[in-house]
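S.K.: Each chain is listed here by its residues.
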Amino acid sequence: MTFGQVLLVAVVAVPALGALATAVVPGDRAGRVVGTVAAALTLLATLPLVGGDHGWFGYGPRPAVQPWHQVDLPWVPGLDLRFHLGVDGISWPLVVLTALLTLLCCAYTLWRVPTGGGSGRALVALLLVVEVGILGTFLALDLVLFFLFFEVVLLPMYAVIAGWGGADRRRAARKFALYTLFGSVLLLVGVYVVVAAAGTADLVALTGGAGLSRGTQLAAFTLLALAFAVKSPLWPLHSWLPDAHTQAPTVGSVILAGVLLKMGTYGMIRVAVGVAPEGARWAAPVLGVLAVAAILIGGLVCLAQDDLKRLIAYSSVGHMGFVLLGIATLTATGLQAALIGNIAHGVITALLFFLAGAVKDRAHTGSLADLSGLRETAPRLAGLLGFAAVASLGLPGLAGFWGEAFAVVAAVRRGGPLWLTLAVLAALGGALTAAYFLRLLRRVSHGRPSPAVAGLAPGLAGAELTAWAPLVLLALAVGLAPALVLSYASGPVEALLGVVP
Amino acid sequence: MSLVQSVDNVAMLPAYLAAGTAVLVLLGDLLVARPAVTVAVAALGAAGTAAGATLVGTAGTRRTFCVGDDCSWVWGGRAALVGAVIALLTLGVLALSGPLLRAGRTPVGEYCFLLACAMTGGVVLGAAGDLITLIVALETLTLPLYVLVGLRRGSLAGAEAAVTFFVVSVVATTVTLLGAALLYAVAGTLHLDRLGATLADRADLTDLPLTGVAAALVVAGLAFKVAAVPFHAWAPATYDGAPLPVAAYLSTASKLGGVVALLAVVQRALPGDMTGPVLAALAVLTMTVGNLVALRQRRTVRLLAWSSVAQAGYILAPLGALALAAGRTGDARTAAYAAAVAYAIFFVLLELAAFAAVVALRPADGDGGTLADLRGAARRHPWVGGAFALALIGLAGLPPGLAGLFAKVTVVRALLAGHAGWLALVVALNAVIGLAYYLRVTASLYATPTGAAAVRPARTVALALGVATVAAVVIGFAPQLVLDVAAR
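Line by line, the protein sequences are chains V and E.
Just so we're aligned, residue 1 is where the first sequence starts under this note's numbering, counting upward by one.
Just so we're aligned, residue 1001 is where the second sequence starts under this note's numbering, counting upward by one.
If you're looking for bench data, these hints aren't it; they were derived computationally from the structure.
Small disclaimer: the values here were computed from a predicted structure and weren't measured.
Backbone N, C-alpha and C fix where the C-beta goes; we use that ideal spot for every residue, glycine too.
Treat the hints with care, as some may be off.
Stated by the list, open to error - Each pair of labels, with its calculated beta carbon distance range: (1) E/E1160 / V/P26: 30 to 36 Å; (2) E/A1372 / V/A30: 55 to 61 Å; (3) E/L1463 / V/T466: 44 to 50 Å; (4) V/W111 / E/R1380: 58 to 64 Å; (5) E/L1205 / V/V499: 49 to 55 Å; (6) E/L1463 / V/P26: 51 to 57 Å; (7) E/D1273 / V/G199: 23 to 29 Å; (8) V/A30 / E/A1364: 34 to 40 Å; (9) E/V1010 / V/V499: 55 to 61 Å.
Stated by the list, open to error - Just some of the chain V residues that point at chain E, by a computed CB distance under 10 Å: (10) F3; (11) E151; (12) L154; (13) L178; (14) V193.
Unchecked claim - Calculated Cβ distances over 12 Å to all of chain V for the following chain E residues: (15) S1006; (16) G1048; (17) T1054; (18) G1076; (19) A1157; (20) F1166; (21) V1168; (22) A1203; (23) G1366; (24) L1402; (25) V1412; (26) R1413; (27) N1430; (28) G1434; (29) L1435; (30) A1487.
One chain only, chain V, in its complex shape:
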């Protein structure tokens, strides 16, 4: 095995073993430390993956997916399942983001375990299992393996919400589990529609349609897109999201919003568009319309929200709408916008949820009506919240700008009355985003301190700063130098679009 292959296996194996170790090590705090170390090792293993053969210099026809590194081992031949992992420019940024956010969440749990009954050690173990599922999904180059990892995430996340969440956590957790299982069973059927027709589950061979008939592609795309639309989530399949995000503990919300949703958009690009390009072309207008509907409805609902966490949760619906709009255009600009939008949303929303959790922990309320004047009593917290909100509303120079602006640009470039209308409406949706985030800031930061806010200590804990600083820096870095993400993705995106009819 080469170094790259060892790394690939390690990226999935280290958190899995870490979860086991966390569960068996005696002592709650020791378990949390072991888990955090495992998460740190995972992050370390993901970084050198970038140093592979980027291979965009060869001649002649090339496959549409060219992994930098890959491992391909047989597992269950009777089910067309191979243990085939690989990483390329589309997946690598997401892999690093996942490893980073998990590490931050584990470190945060080291400092504070959410109340609710469960032990902190179990929470860390579950976070690591979730990480295994997410990383596996991003790395899988076998359709069946992709489905397998997609499913791995479901129950541990359910347990995180149901074990450590807010007052209404059981209902929210059940809704999350049933909704997302609904999505993943459709994925299962979609996967085997493709595998039965093509006779292989290898994503490298399948990307570009692999000679699937138009009928098969339309059926496969419909099933796969529905599956990913539940996860992303796309309006009108989003209703699990606000409850799950609101009820989940802070670290759960961070992982949910930061990377779990990206499994949907990543799947849409890599699997749905890659495997059934004709189906994607056929369904693009519907996808575009739904995406814009999500942007507008998400924005309008946010304007009327009265709860901090719920507002941020609903804002995800709008942001993911921009990502899906980018994908729906099926242009290089659009896909690039989707990829950078994914990363930006992951970084910024994770930060927002951390901050919302901090506010809620201190003030013991998340209701906007009971919060005001945060900048008087806790200026640093208010400042960070302002930064994150401004980044999320898409101020140029911060990470949120690129994805949203270029999704709109891609729709305009796509041309035609439909896409122009969609572009205009999406731009309007962007304005709505600004409106509700500014409303949020006015309600929370400004004004006279409310009774709930009046007694807050101004300082921030070291653990909080440690968890938030990387996100703040990344939001700045991706905003100032989007090439950090885009330079890796441009090759794979061009290759992918080369096979879309």
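Once you've looked at the hints, dock chain E against the given chain V.
M.R.: Just chain E, lined up with the frame of chain V:
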């Protein structure tokens, strides 16, 4: 032609072992009269039967009791698999019976004897080559269970359950027999393969209304045994009234027997275009009704019973692909049968683990109790509760219960290979309904416990649970093992 038939006694060895176990148990109970000896003999006999079945099976297919090319006893890969699994399930159920037998309300000798008799029926079943052997074997498998269900002294619920089960099951057998007789009237043979060949060759026979009626009767009678909707109403009442280990046997070995019988008839004797639509309808009804009703159950064993009704639907589903012309091509058929067998194997293992966990968590002579009795069980017994949760999640078909996940994947794959996409979607959506109640039970295991002190699980029960769980984990990571033996 000699009138004396030569009998291949090696091929019969597994049946001899199973029947010998029953006889030895009876004699041991009469002569030695010590419960420990009786149970040990039954356990050794079951283990020996499993070993014998496997050994004879690995040496290639052996036939005996032949008339020309048609044999009534075929010991091949499928028979070896069924025999070994039934014997191992018997062994597992014996282990679960420890607390029940020690509690003293159940006669040990009779209990073990009847269990060994049922095992004999199951072992013969897999090898049956004609309809009569098949029906007699199936009846040998279920007849002892009528008594076992009601064997507990002074249990009114047990007696009620036994009578329900007896009446329904006898009617089902009669219906199957009538169907077999009509098939004989039409085709003039009872050997499964000959029957299949005759019906395939002579289109005029399949066009007869009588053939359709006969096939419907056979399938309906066997559907009673697997508790497929609408022939399921006996199952929940019977399971709940029976002692827990017997309920475990009913929902694993007995159900496996029904599946094997149905599979033998559908695969070898009856034309696919006739049975396919019926089986597809049965499968859809069975899983949907089973899952929907299970949602409302408050008693543990009733919930497991309804869930096992639903699981029977998943087992039947691949056979439903035969309803379409594309599902009746050679490859698709083979895939469908293999998928049904594989699902059945995955299922009985997880179901045995689930029942073992319930036995472990309940007081020695108790029934399944309500779901509220299980509240917080996993916090008092982390290992037993964890194993129970794993089994339930496996039955729901989700990681970390990989065995159950691969079972569902196998079924969906076989259905799509047979172009029955709609049926695959029904299976998939049912998995979502299923998760709702499996999740409810699993969540209550980890809820904050209320009152009731912890019961220490018996050692044999813990052992059975451990072995079943380890086996489920192993085949979860290496499902190819099961797929290989199922495809033989």
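S.K.: Work down the list of hints and note, for each, if the structure agrees.
M.R.: Hints versus structure:
The beta-carbon spacing between E/E1160 and V/P26, approximately 50 Å, falls outside the hinted interval of 30 to 36 Å. Between E/A1372 and V/A30 the Cβ separation comes to about 35 Å, which falls outside the hinted range of 55 to 61 Å. At about 48 Å, the beta-carbon gap between E/L1463 and V/T466 stays in the expected band of 44 to 50 Å. In this structure the supplied range 58 to 64 Å is violated for V/W111 paired with E/R1380, their Cβ-Cβ distance being about 31 Å.
Range check, E/L1205 to V/V499: Cβ separation about 53 Å, and the 49 to 55 Å hint holds. For E/L1463 and V/P26, the hinted distance range of 51 to 57 Å is not satisfied, since their beta carbons lie about 26 Å from each other. Restraint check, E/D1273 to V/G199: a C-beta distance of roughly 26 Å satisfies the suggested window 23 to 29 Å. Hint check: V/A30 to E/A1364, Cβ distance near 38 Å, so the stated range 34 to 40 Å holds.
Taking the beta carbon of each, E/V1010 and V/V499 are about 59 Å apart, inside 55 to 61 Å as hinted. With its C-beta approaching chain E no nearer than about 26 Å, V/F3 sits outside the 10 Å limit, and its interface hint is violated. Contact between V/E151 and chain E, as hinted, is supported at the beta carbon level, the nearest pair being about 5 Å apart and thus within 10 Å. Hint status for V/L154 relative to chain E: holds, with the closest Cβ pair at about 6 Å, below 10 Å.
The criterion of a C-beta within 10 Å of any C-beta in chain E is met by V/L178, whose closest approach is roughly 6 Å, and the hint holds. The beta carbon of V/V193 is positioned within 10 Å of a beta carbon in chain E (closest approach about 6 Å), and the interface hint is therefore held. No Cβ of chain V comes within 12 Å of the Cβ of E/S1006; the nearest lies about 39 Å off, and the non-interface call holds. For E/G1048, the non-interface assignment is confirmed: its Cβ lies about 31 Å from the closest Cβ of chain V, beyond the 12 Å cut-off.
For E/T1054, the non-interface assignment is confirmed: its Cβ lies about 21 Å from the closest Cβ of chain V, beyond the 12 Å cut-off. No Cβ of chain V comes within 12 Å of the Cβ of E/G1076; the nearest lies about 19 Å off, and the non-interface call holds. Every C-beta of chain V lies more than 12 Å from that of E/A1157, the closest at about 32 Å, which supports listing it as non-interface. No beta-carbon of chain V is positioned within 12 Å of the beta-carbon of E/F1166; the least distance is around 39 Å.
Every CB of chain V is more than 12 Å from the CB of E/V1168 (nearest about 33 Å), matching its label as outside the interface. At the 12 Å boundary, the C-beta of E/A1203 stays outside the reach of chain V, the nearest C-beta of that chain being 30 Å off. The beta carbon of E/G1366 is kept farther than 12 Å from every beta carbon of chain V, the shortest such distance being approximately 28 Å. Some Cβ of chain V comes within 12 Å of the Cβ of E/L1402; the nearest lies about 8 Å off, and the non-interface call is violated.
With 12 Å as the threshold on Cβ separation, the claim that E/V1412 sits away from chain V is violated: the shortest Cβ distance comes to roughly 5 Å. The Cβ of E/R1413 does not lie farther than 12 Å from every Cβ of chain V; its closest approach is about 5 Å, which violates its non-interface assignment. For E/N1430, the shortest C-beta to C-beta distance to chain V comes to about 9 Å, within the 12 Å cut-off, and the non-interface label is violated. Its beta-carbon lying about 9 Å from the closest one in chain V, E/G1434 breaks the requirement of being farther than 12 Å from that chain.
Some Cβ of chain V comes within 12 Å of the Cβ of E/L1435; the nearest lies about 5 Å off, and the non-interface call is violated. Listed as outside the interface, E/A1487 is inconsistent with that label: its C-beta sits roughly 7 Å from the nearest C-beta of chain V, within the 12 Å cut-off.
Taken one by one, the earlier hints fail for this structure at numbers 1, 2, 4, 6, 10, 24, 25, 26, 27, 28, 29 and 30, listed in ascending order.
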